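Chemist: If you want the building blocks of each chain, they are given just below.
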Amino acid sequence: MPDPIHQFEIHAIVPIKIFGWDASFTNSSLFMLVAVVLTAGFFIVSMQSRSLVPTRLQSISEVAYEFVRNMLRESTGEAGMKYFPLVFTLFIFIFVANMLGMIPGAFTVTSHIVVTAALAGIVFFTVLVVGFAKNGLRFLKLFVPSGVPIYVLPLVTLIEIISFLARPISHSVRLFANMLAGHITLKVFGGFVVMLLGAGGFAALAPLPLLMAVALTALEVLVAFLQAYVFTMLTCMYLNDALHPGH
Amino acid sequence: MPEPADNRGPGQRQMSPEEKAAFEGRISDLGQLLDKVKAERKADADADLDAEMRGRGMAYGMRMAAELVAAVIVGGAIGYGLDRWLGTTPWLFLLFFVLGFAAGVLNVVRAYEKMQKEFTARAGGRVGHRVPDDD
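Protein chains in written order, with our numbering: chain A, 1 to 247; chain B, 1 to 135.
In case anyone wonders, no lab produced these hints; they're calculated from the structure. A quick note: this is a predicted structure, and the numbers were derived from the prediction, not measured. Hints should not be assumed to be uniformly reliable.
Some chain B residues close to chain A (C-beta under 8 Å, calculated; not the full set) [unchecked claim]:
hint, residue
1, G25
2, L82
3, L86
4, N107
The calculated lysine-lysine pairs, modelled on BS3-like cross-linking and capped at a C-alpha distance of 30 Å, are [to be verified]:
hint, chain 1, residue 1, chain 2, residue 2
5, B, K38, A, K82
6, A, K141, B, K114
7, A, K134, B, K117
8, B, K117, A, K82
What follows is a set of in silico ranges between Cβ atoms, one per label pair, in the way DEER data are often shown [to be verified]:
hint, chain 1, residue 1, chain 2, residue 2, range
9, A, I150, B, L49, 25 to 31 Å
10, A, A133, B, A121, 44 to 50 Å
11, B, L86, A, V14, 33 to 39 Å
12, A, V14, B, V98, 47 to 53 Å
Ideal Cβ placement from N, Cα and C applies to all residues, glycine included.
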């Protein structure tokens with residue numbers, strides 16, 4: 001059976017060592033670079049004309065822009081628009097990286113928790129910095145809900161703190177787990193097709209897992225988009241907490 | 001004033017009964033066609049909204065499980081760390097594990113409340129298939 005984990009292996013393309021640290025340019029780096037270059041290239045080319053009546057490509061970038069803008073504005077209001085570049089970058093990067101991963105043979109950057117944890121970490125620390133910078137110590141009101149009787153307040157505050165600390169974990173694990181699980185499932189069903197084909201008379205059954213793999217591919221494309229959407233939506237919600245704590 | 005030569009100005013002269021019947025027939029045909037087109041449009045819009053809401057529902061659904069598990073893990077990790085530090089194994093771990101579970105449930109309830117609000121605002125609470133309710 002073909003190894004379903006093999007696709008996630010990282011190997012160095014250009015080995016680089018900096019003071020004993022391994023900073024090699026790997027296949028993961030390569031696909032990150034491809035995602036960034038594709039995105040930047042697409043937006044530069046599509047916005048070239050800047051016409052009032054958009055061309056087809058321009059419409060796509062406008063739709064992407066409006067999609068993220070509406071999401072951000074709905075959850076944070078006008079005050080959150082300052083963080084649009086961050087939110088938009090996150091959405092597009094995750095979306096493109098997920099979609100690149102759907103190409104057979106390609107590497108899925110977001111299927112490694114290091115990557116998603118780094119992305120979630122950026123959001124987490126942005127929220128902390130913005131929260132304290134904008135509200136000072138009033139940001140801590142996030143952990144002290146109003147209208148709670150004083151004798152359970154310490155307990156509730158503890159629970160709120162744990163719930164706050166759990167954010168970067170659920171934020172990163174969800175994206176990583178979905179991409180990992182989806183790709184493994186696809187590979188396993190793909191492997192079934194190959195194994196059945198090599199199993200003499202059972203080869204007649206081979207189309208069944210193949211059909212399943214086709215259906216799963218469609219589902220995975222949906223998941224690739226949904227996970228980018230969920231990640232961005234949560235980023236907006238967390239930013240909202242930083243901007244308006246105590247709501 | 002001379003009468004119009006064609007019969008396209010029905011308000012300007014008396015119509016014969018047959019003409020009137022034919023005219024009313026045309027109106028009701030047109031009305032039916034219009035109703036049909038409108039119903040089709042509405043069904044299309046409904047289906048679009050339905051698909052959109054289902055997508056969002058799926059997005060929310062995927063959140064819930066991770067939300068719960070992450071809080072339990074964080075709670076457990078904090079408790080374990082404090083135990084190692086203070087040498088109180090296993091009491092703080094047990095306490096924080098339970099607190100983590102509470103935090104997880106809190107997160108799920110919050111996410112659900114937000115989802116409820118959003119869906120009520122968007123689709124009047126309709127999500128996916130409408131199932132008749134017996135209460």
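Chemist: With reference to the structure, classify each hint as holding or not holding.
Modeler: Taking the hints in turn, this is what the structure says about them:
{"no.": "1", "hint": "G25", "verdict": "violated, 44 Å"}
{"no.": "2", "hint": "L82", "verdict": "violated, 12 Å"}
{"no.": "3", "hint": "L86", "verdict": "violated, 16 Å"}
{"no.": "4", "hint": "N107", "verdict": "holds, 5 Å"}
{"no.": "5", "hint": "K38/B - K82/A", "verdict": "violated, 42 Å"}
{"no.": "6", "hint": "K141/A - K114/B", "verdict": "holds, 20 Å"}
{"no.": "7", "hint": "K134/A - K117/B", "verdict": "holds, 27 Å"}
{"no.": "8", "hint": "K117/B - K82/A", "verdict": "holds, 25 Å"}
{"no.": "9", "hint": "I150/A - L49/B: 25 to 31 Å", "verdict": "violated, 46 Å"}
{"no.": "10", "hint": "A133/A - A121/B: 44 to 50 Å", "verdict": "violated, 31 Å"}
{"no.": "11", "hint": "L86/B - V14/A: 33 to 39 Å", "verdict": "violated, 47 Å"}
{"no.": "12", "hint": "V14/A - V98/B: 47 to 53 Å", "verdict": "holds, 49 Å"}
When the structure is compared with the earlier hints, violations turn up for hints 1, 2, 3, 5, 9, 10, 11 and for no others.
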